[in-house]
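Trainee: Please build the complete structure, drawing on both the sequences and the hints.
There are 4 protein chains.
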Amino acid sequence: MYIDVLWVKFLKFPKDFLMGFSESGFQFEMGYPGDEDPNTDWWLWVHSPDNIAAGIVSGHLPEHGPAYLRLYKYDHDLGEKLGANVLRLGIEWSRIFPRPTRDIPATIERDDSGVISMVELNETALKKLVEKANKNAVEKYLAVFKDWVSRGKKLIVNLNHFTLPSWLHEPLEVRSKGVFNAPSGWLSEEIIVEFTKYAYAAAYFFGEYVDYWSTLNEPNVVAIMGYLQVKSGFPPGIPSMNYTMLALRNQIIAHARAYDALKQSTGKPIGVILNYMWFEPYRVENEDDVAACNEISYMYNLLFTEAVKSGSSIIISSNSLKNKLDWIGVNYYTRMVVTREKTSKTNWIPVPGYGYLCTPGGVSKAGRPCSEFGWETYPEGLEKILLMLHEKYKLPLIVTENGVADAHDALRPRYLIQHIEAVGKAIQKGVDVRGYLHWALIDNYEWAMGYNMKFGLLKVDYESKKRYIRPSALVYREIALNNELPDELVFYN
Amino acid sequence: MYIDVLWVKFLKFPKDFLMGFSESGFQFEMGYPGDEDPNTDWWLWVHSPDNIAAGIVSGHLPEHGPAYLRLYKYDHDLGEKLGANVLRLGIEWSRIFPRPTRDIPATIERDDSGVISMVELNETALKKLVEKANKNAVEKYLAVFKDWVSRGKKLIVNLNHFTLPSWLHEPLEVRSKGVFNAPSGWLSEEIIVEFTKYAYAAAYFFGEYVDYWSTLNEPNVVAIMGYLQVKSGFPPGIPSMNYTMLALRNQIIAHARAYDALKQSTGKPIGVILNYMWFEPYRVENEDDVAACNEISYMYNLLFTEAVKSGSSIIISSNSLKNKLDWIGVNYYTRMVVTREKTSKTNWIPVPGYGYLCTPGGVSKAGRPCSEFGWETYPEGLEKILLMLHEKYKLPLIVTENGVADAHDALRPRYLIQHIEAVGKAIQKGVDVRGYLHWALIDNYEWAMGYNMKFGLLKVDYESKKRYIRPSALVYREIALNNELPDELVFYN
Amino acid sequence: MYIDVLWVKFLKFPKDFLMGFSESGFQFEMGYPGDEDPNTDWWLWVHSPDNIAAGIVSGHLPEHGPAYLRLYKYDHDLGEKLGANVLRLGIEWSRIFPRPTRDIPATIERDDSGVISMVELNETALKKLVEKANKNAVEKYLAVFKDWVSRGKKLIVNLNHFTLPSWLHEPLEVRSKGVFNAPSGWLSEEIIVEFTKYAYAAAYFFGEYVDYWSTLNEPNVVAIMGYLQVKSGFPPGIPSMNYTMLALRNQIIAHARAYDALKQSTGKPIGVILNYMWFEPYRVENEDDVAACNEISYMYNLLFTEAVKSGSSIIISSNSLKNKLDWIGVNYYTRMVVTREKTSKTNWIPVPGYGYLCTPGGVSKAGRPCSEFGWETYPEGLEKILLMLHEKYKLPLIVTENGVADAHDALRPRYLIQHIEAVGKAIQKGVDVRGYLHWALIDNYEWAMGYNMKFGLLKVDYESKKRYIRPSALVYREIALNNELPDELVFYN
Amino acid sequence: MYIDVLWVKFLKFPKDFLMGFSESGFQFEMGYPGDEDPNTDWWLWVHSPDNIAAGIVSGHLPEHGPAYLRLYKYDHDLGEKLGANVLRLGIEWSRIFPRPTRDIPATIERDDSGVISMVELNETALKKLVEKANKNAVEKYLAVFKDWVSRGKKLIVNLNHFTLPSWLHEPLEVRSKGVFNAPSGWLSEEIIVEFTKYAYAAAYFFGEYVDYWSTLNEPNVVAIMGYLQVKSGFPPGIPSMNYTMLALRNQIIAHARAYDALKQSTGKPIGVILNYMWFEPYRVENEDDVAACNEISYMYNLLFTEAVKSGSSIIISSNSLKNKLDWIGVNYYTRMVVTREKTSKTNWIPVPGYGYLCTPGGVSKAGRPCSEFGWETYPEGLEKILLMLHEKYKLPLIVTENGVADAHDALRPRYLIQHIEAVGKAIQKGVDVRGYLHWALIDNYEWAMGYNMKFGLLKVDYESKKRYIRPSALVYREIALNNELPDELVFYN
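Chains as they are written, first to last, in the numbering used here: chain A, 2 to 494; chain B, 2 to 494; chain C, 2 to 494; chain D, 2 to 494.
Just so you know, the hints here were simulated from the structure itself, not pulled from any lab data.
Watch out, some of these pointers could steer you wrong.
No copy labels: a pair is met if it fits in one copy or bridges any two.
[What the hints assert, rightly or not] Calculated lysine-lysine pairs in the DSSO-like style (CA-CA distance at most 30 Å, straight line):
hint : residue 1 : residue 2
1    : Lys232    : Lys366
2    : Lys82     : Lys13
3    : Lys74     : Lys395
4    : Lys128    : Lys264
5    : Lys13     : Lys466
6    : Lys178    : Lys232
7    : Lys82     : Lys426
8    : Lys82     : Lys16
9    : Lys13     : Lys467
10   : Lys310    : Lys393
11   : Lys16     : Lys74
12   : Lys74     : Lys141
13   : Lys141    : Lys129
14   : Lys74     : Lys323
Mentor: This is how it looks when you write it as structure tokens:
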């Protein structure tokens with residue numbers, strides 16, 4: 002079939018194309034008594050009365066969530082009926098290791114520039130690590146994974162999605178006592194070692210069921226939201242360009258070391274999932290704006306993958322980082338339009354009225370509809386990002402997140418079709434895109450915004466935990482079951 | 002399945018429930034060269050350069066339309082695949098009789114009050130009438146009807162949907178020369194006789210294929226838009242309460258006489274299709290507002306059916322009008338909120354910000370989303386109208402029109418579900434609702450607004466005439482194929 | 002002083018520069034019992050229940066107005082205190098001659114093309130005419146004029162401002178019976194003769210007090226609103242390009258003959274007041290748009306003055322029309338942006354979102370604030386109009402209307418300053434602008450919109466008839482009393 | 002005169018009523034090279050690249066400001082011409098003492114509960130203190146004060162308006178190193194002692210010229226913006242209810258001790274200036290909402306004055322705080338509407354769409370116009386605050402701030418009149434209001450918002466430093482010069 006001017010022609014996806022959904026742990030798992038996980042930085046952060054009073058977080062609590070950990074079969078049924086053949090799930094580090102793993106011995110090497118270039122566990126250490134793991138949590142995740150895999154579906158597992166064990170990050174104390182007077186998460190080098198241990202354990206427990214591994218979800222967002230754009234309400238909310246870079250650097254190294262651990266244990270493709278924005282200059286023929294655009298695009302979209310593919314980026318270089326990437330996960334929502342003000346101290350300024358900076362439920366300055374988050378619909382950016390990454394790295398790409406906050410499904414049907422079409426066009430141009438995973442199957446907990454942002458094809462009634470279908474779910478099903486974006490002739494014959 | 006707070010529980014429709022679409026002639030038929038019909042008042046009206054320059058009509062022309070007369074098989078295929086088991090179609094009087102039928106003799110009687118109480122044709126007259134009919138037009142309609150009926154579907158045929166032959170109504174001359182110096186349509190009594198002849202002919206030609214007959218579509222709108230709310234751009238656009246009442250009166254009698262003609266020839270159920278608004282007082286406890294509401298509700302919603310059911314209404318009474326109604330067609334779009342201003346000369350005033358008087362694409366004062374026509378979503382009104390009509394007349398009801406101008410399908414999925422749910426609730430309360438016909442399967446020509454208003458589940462590309470699917474078509478299909486509004490459990494098992 | 006970026010530098014107006022206010026009869030005079038004038042087309046039009054029910058007129062009634070005819074001393078006091086040295090007032094033809102003057106003999110000549118080229122009254126006829134005039138009305142106007150002139154102020158009198166005696170124009174009958182079956186105002190040639198008689202009488206009665214005469218106010222608006230853009234609610238609301246041109250033609254001749262009558266009797270400068278829009282092409286480099294712009298600009302802004310200055314325009318040519326113009330009254334409110342659609346039947350299309358076609362209280366597509374009428378603030382247009390007229394005719398110009406519908410005075414202070422500045426700039430460039438008359442000193446009756454539009458520097462409480470001061474009145478006073486737009490240094494020293 | 006429905010009747014202010022303007026140091030003084038003061042917490046805060054990049058501050062810099070310290074004569078001229086008879090000015094502590102005064106010995110006593118109940122300097126200490134003061138700064142302020150006072154005008158001086166010397170508060174280090182690892186401003190008790198020394202010095206240098214003293218400006222805002230509502234962008238931006246209370250407590254004691262110092266030296270009336278909001282329950286009959294409203298109203302509006310008048314409030318009680326208040330400065334801008342959510346952890350929640358939480362340039366949910374800051378116009382609140390404070394304390398009140406961010410003067414004329422009328426009504430009801438000081442005479446630096454918010458009756462061109470007059474300045478002048486809000490009759494005679 003389909004829709005509007007945007008619909009050009011029949012578009013068939015490759016055989017084995019992955020169509021599915023993405024989930025994380027913290028945002029989906031909780032919802033039934035007994036399933037809470039109070040051992041993360043985010044748990045502390047969103048429960049802090051000071052944060053709630055200050056409006057830094059919503060006051061909504063994750064323990065009232067969609068309860069995926071209890072209702073996974075229900076959701077797997079629904080996902081399957083909508084045509085999904087893949088899920089991307091997250092494991093909560095804090096569930097596997099609610100207590101510190103610092104005592105597990107590891108062999109650590111550094112290269113000449115001081116970068117941690119090796120973290121290895123001997124057999125004894127691995128055994129102790131496995132014993133230290135929370136058996137209930139491991140079994141729970143195994144049950145979830147098995148249920149999905151036993152349906153003949155594919156599984157992508159991501160090790161870390163924002164939340165850190167509170168023994169590694171205590172953001173409230175970091176804020177009141179100072180960055181180096183409390184566990185400071187990605188600002189402290191020790192996290193590299195502990196993350197690698199966690200990767201060894203994950204490979205050990207779950208390696209059998211996982212088709213694609215990812216180490217980190219959106220490390221660029223973690224660094225920027227936590228230490229630069231602090232108005233987003235991410236912990237610890239301390240603005241400092243230095244810390245931003247430090248958090249990025251430690252995540253890069255942690256990725257590389259976790260890559261080693263997973264590779265050695267499983268042999269499966271190992272990637273990282275990043276958030277991508279398509280950056281555009283405000284004044285397309287203005288040199289300053291174009292330069293600003295290129296600079297920020299490098300910093301946001303490329304710095305991380307440059308480091309772990311070529312081994313060298315502007316903030317870190319080391320042979321121990323080289324070729325630690327088998328695939329890239331692409332999370333894409335919208336663009337950003339940037340300009341440069343000569344009188345400003347900053348090198349670039351995002352232009353309000355475009356991309357992430359629009360009126361919720363309004364229309365962008367370019368006339369595009371905007372989500373309840375105030376994010377502009379800009380599907381062209383997804384195609385461009387895929388082309389750019391392909392040209393640069395020639396690696397397999399998977400769209401690991403794409404979706405829209407839209408409680409009443411006023412934008413989602415078109416948003417969905419337009420972005421899947423963007424993927425199709427990239428494939429037609431030779432890009433190796435392996436899959437499209439929508440964010441999300443069901444409504445979930447949107448970090449500092451709580452339950453205010455509704456990203457589900459299925460609505461969740463948080464009282465009854467029942468899932469209801471938004472119309473776009475029917476659109477998704479048409480596409481997924483046919484593995485194509487049919488024009489109406491195809492569809493009707 | 003389904004959606005949002007509005008979705009309460011599983012709702013199963015009766016066996017043989019009619020699910021389908023409504024169409025009229027003028028708004029759908031044209032689009033290919035050779036299919037134009039220049040012999041109507043509306044053709045003259047929308048082509049008038051003065052009207053276009055004055056902004057009274059859009060300047061869009063009906064001959065660029067969706068071309069149903071040529072592409073009916075295509076549309077029947079699509080309708081069938083979306084689950085329709087019924088169509089309501091219109092015949093264009095002017096196509097059957099492009100030239101006057103005044104010369105066909107008829108026997109006319111009047112009752113004591115002067116109401117034309119009988120119009121009969123003897124055999125010779127009927128034969129002459131049949132000969133006078135345009136054979137090509139008759140065959141075209143037969144082909145259309147047969148194609149649909151041969152699929153095992155039901156057919157409702159409506160004799161007159163706004164457009165009058167220009168030999169009976171020349172609105173431009175009426176306007177410039179005065180009402181009684183040119184053919185004045187429903188203001189002249191002769192139309193009663195000619196309309197009855199037309200009904201005889203229609204029964205003769207098409208009786209075999211028709212399951213339900215309707216005489217007129219929205220005679221209340223014809224009278225009010227043409228002679229009162231003239232800003233709507235309907236011909237002849239001459240505001241006069243007297244003419245409004247005269248047009249209503251002549252349509253009432255014409256209906257009754259056409260009823261006689263159709264009944265005698267076919268024996269099928271014969272009804273009339275009216276436009277309904279649910280009227281509400283602005284200040285619910287204010288006596289003036291409640292009185293205003295009751296008065297206008299009687300005038301708009303009940304006057305016509307009172308006359309042709311009981312034989313008596315405030316503008317006309319005659320035994321010859323009594324019991325001329327077997328079913329009622331309900332066209333429902335939104336409500337109207339009314340108040341009374343003591344200082345005003347009018348008895349009631351519609352309140353802006355509700356019902357038909359909202360900002361296009363905006364939100365009503367009650368927080369309801371509004372269509373691109375500026376019409377508020379108000380499904381409660383449909384249920385209430387059905388209950389009111391049932392209580393009053395105990396006749397079979399068919400929702401013959403319901404839909405929303407919404408090019409990007411931002412409101413239609415919810416609109417559709419909510420109004421079908423309203424029908425279901427009325428049925429559960431005992432109302433004899435026989436069917437729900439959506440307006441419309443495809444985009445069409447919206448009178449003075451031209452192609453600006455998009456009512457189709459399927460989008461029409463007016464260049465290629467190709468139909469594309471809006472997401473709500475998938476929603477409609479789910480409901481129609483299952484003959485139920487499933488909640489999600491039902492839907493997924 | 003003054004304001005914002007718009008304020009460049011000190012601007013001194015010429016000695017004897019006219020600063021004042023404009024008023025008409027119908028919109029201002031009534032308000033006290035006994036002062037009603039029911040003998041006009043507009044009185045019939047705005048009282049028509051059909052018109053009110055149709056929303057063609059507001060339902061507000063002129064007899065509840067600001068009561069200038071009773072309170073003129075109060076208003077003259079206020080105007081004087083705000084610094085006015087001139088008033089433009091209107092006489093109501095229907096007050097002077099409530100009954101037909103057709104019986105007064107006149108000598109009429111036509112030229113070869115049939116244009117009425119002379120209308121003369123001999124002494125006897127003039128005497129009979131004077132006797133026929135309503136003495137009360139004459140004395141009332143004399144009292145008003147004397148009160149103002151006795152303050153040492155200047156007076157501009159305009160003979161006709163929209164309203165016609167109902168013996169010459171019965172718009173309701175015109176509409177229902179046809180244009181030529183009732184007195185049809187400017188569509189009938191007889192009005193030329195009667196208007197000339199009225200001019201003779203006015204000169205006779207009031208010549209002594211008048212400094213500048215104007216024959217007609219906005220004859221272009223009368224023709225277009227009455228016979229083309231009928232949605233504006235002007236009588237008789239019959240769209241026809243032919244009638245538009247006929248109404249224009251008859252007004253042109255009537256002006257010329259009234260000019261003769263006034264000139265012969267008074268020797269004072271005689272002009273006409275027109276409405277001006279500044280037309281701009283939508284796509285400035287598009288030939289079609291530029292051509293459309295030029296065509297409509299000629300029709301709207303120039304056709305009338307071409308005819309009565311050069312004696313020749315595209316709709317009428319006659320030596321008897323030549324040089325019948327001593328000054329031009331410029332009414333300016335905003336611009337119009339036009340485009341041409343090749344597929345359209347019309348030669349040009351106004352572009353919504355600019356000029357007169359904006360959202361009330363909103364912002365134009367060019368980012369300009371818009372009045373409660375939905376009119377864009379566009380002061381550049383006033384300067385351009387003045388320059389264009391000067392270049393074309395080298396006649397004295399007076400800005401006879403300029404103002405903004407703005408109940409809460411949110412836009413008026415800037416609007417006022419910007420438009421006075423535009424006048425000042427035109428003067429600096431050599432244009433002979435003699436004065437700036439604001440519309441209006443007080444709130445008044447805005448034709449079909451009734452009291453909804455508030456144009457006064459002074460607010461009128463229609464209950465008590467008391468006048469209140471809006472802040473912009475203080476701004477006006479600063480400018481008028483100083484006869485300059487001072488920058489702040491000038492102002493504060 | 003005046004305006005709109007709101008204008009009821011003539012209102013005469015008491016003889017000697019103070020009409021004027023308020024200014025602070027940091028927001029007004031800078032603008033010419035050489036006048037910068039880099040020794041404050043706010044200077045560090047608004048220059049921090051991290052803060053700018055994070056959007057916590059605007060990036061505008063105070064050294065580009067209106068340059069009052071250089072242009073005070075110009076402003077005094079303008080203020081005088083607008084009718085002011087009083088100014089409220091601020092002294093910058095950091096200018097008088099750019100270096101620590103900790104070395105100046107003082108005698109300190111504490112009461113039983115540990116509250117610092119006395120801070121005294123002996124003669125030697127005072128001499129050393131005076132010597133330590135920056136002579137240039139002292140002379141500059143003396144010149145400013147003398148220029149104003151020599152015009153026969155009154156002077157109110159406030160000791161501290163937000164900015165602290167950086168030797169007492171280093172907010173960037175507080176944030177990165179932790180609250181107690183850097184100078185922490187109002188969180189540390191030492192500031193009480195140093196503030197008292199500063200008060201001694203101020204009395205010594207300026208006592209001769211000051212009619213009313215104020216110790217602190219809006220200590221409630223300092224505590225809440227700095228330590229609770231951290232999204233406002235105030236230093237140090239660390240949310241903690243504990244710190245909020247601590248900052249309040251230390252300011253209360255500091256006020257009391259400064260009161261002692263000023264009283265002993267000058268004998269003039271000594272007050273404090275607080276920010277006031279009028280709190281209203283969202284659901285007026287809901288007990289929870291009413292309770293929430295009362296609680297927050299106590300905390301925000303009364304806690305400080307309770308402590309320094311009665312000596313006892315819920316966070317501190319001491320005889321040494323009793324009766325340390327001769328007058329109250331009332332800063333009022335708008336209201337806040339609050340509700341209580343039972344499921345929320347907070348005791349009260351402000352309701353968006355009212356008071357401070359509206360769309361900039363929009364309309365509140367109550368239909369009131371909102372400033373460019375998004376603050377609702379709510380003059381009733383000012384009258385109610387004045388009545389409440391009078392009933393509670395029977396002290397002289399001065400409205401020390403009231404104004405509106407409104408670059409184009411679209412709201413200010415009405416805002417100004419309505420709030421002055423509110424003051425007049427309070428006086429008529431017996432409240433001892435001594436004056437109305439508008440915020441502000443000229444545009445200035447609005448803390449974290451920089452130059453984006455325009456509060457001036459006079460616009461400042463920051464390039465040329467020239468002042469331009471907004472229309473409301475003329476309104477202000479009418480009122481101030483007449484010492485009344487004249488109705489139009491009074492005004493015009």
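Trainee: For Lys178 vs Lys232, is the C-alpha pair at or below 30 Å within one copy, between two copies, both, or neither?
Mentor: Close inside one copy (20 Å) and across copies (20 Å); limit 30 Å.
Trainee: Which holds for Lys74 with Lys141 at a C-alpha limit of 30 Å: within a copy, between copies, both or neither?
Mentor: within (12 Å within a copy, 56 Å between copies)
Trainee: Measure nothing new, just compare the shortest in-copy and cross-copy C-alpha distances for Lys82 and Lys426 to 30 Å and report within, between, both or neither.
Mentor: For Lys82 and Lys426, both the intra-copy (26 Å) and inter-copy (29 Å) Cα distances are at most 30 Å.
Trainee: Within a copy, between copies, both or neither: which one fits Lys13 and Lys466 at a CA-CA cutoff of 30 Å?
Mentor: between (36 Å within a copy, 24 Å between copies)
Trainee: With 30 Å as the alpha-carbon cut-off, assign the pair Lys232 and Lys366 to within, between, both or neither.
Mentor: The answer is both: 23 Å in one copy and 26 Å across copies each meet 30 Å.
Trainee: Which holds for Lys74 with Lys395 at a C-alpha limit of 30 Å: within a copy, between copies, both or neither?
Mentor: Neither way: Lys74 and Lys395 sit 36 Å apart in one copy and 49 Å across, limit 30 Å.
Trainee: When no copy is specified for Lys128 and Lys264, does a C-alpha distance of 30 Å or less occur within a copy, between copies, both, or neither?
Mentor: within (19 Å within a copy, 76 Å between copies)
Trainee: Please work out whether the CA atoms of Lys141 and Lys129 approach to 30 Å or closer within one copy, between two copies, in both situations, or in neither?
Mentor: So Lys141 and Lys129 pass the 30 Å test inside one copy only (21 Å; across, 73 Å).
Trainee: With 30 Å as the alpha-carbon cut-off, assign the pair Lys82 and Lys16 to within, between, both or neither.
Mentor: Both ways: Lys82 and Lys16 sit 19 Å apart in one copy and 27 Å across, limit 30 Å.
Trainee: Between the shortest in-copy and the shortest cross-copy C-alpha distance, which are at most 30 Å for Lys82 and Lys13: within, between, both, or neither?
Mentor: both (20 Å within a copy, 22 Å between copies)
Trainee: Since the copies are identical, ignore which copy is meant and state whether Lys13 and Lys467 lie within 30 Å (CA to CA) inside a copy, between copies, both or neither.
Mentor: Cα proximity of Lys13 and Lys467: across copies only (21 Å, versus 34 Å in one copy).
Trainee: How would you label the pair Lys16, Lys74 (within, between, both, or neither) given a Cα cut-off of 30 Å?
Mentor: The answer is within: 26 Å in one copy meets 30 Å, while 34 Å across copies does not.
In the structure shown, a violation is registered for the earlier hints numbered 3 and 14, in ascending order.
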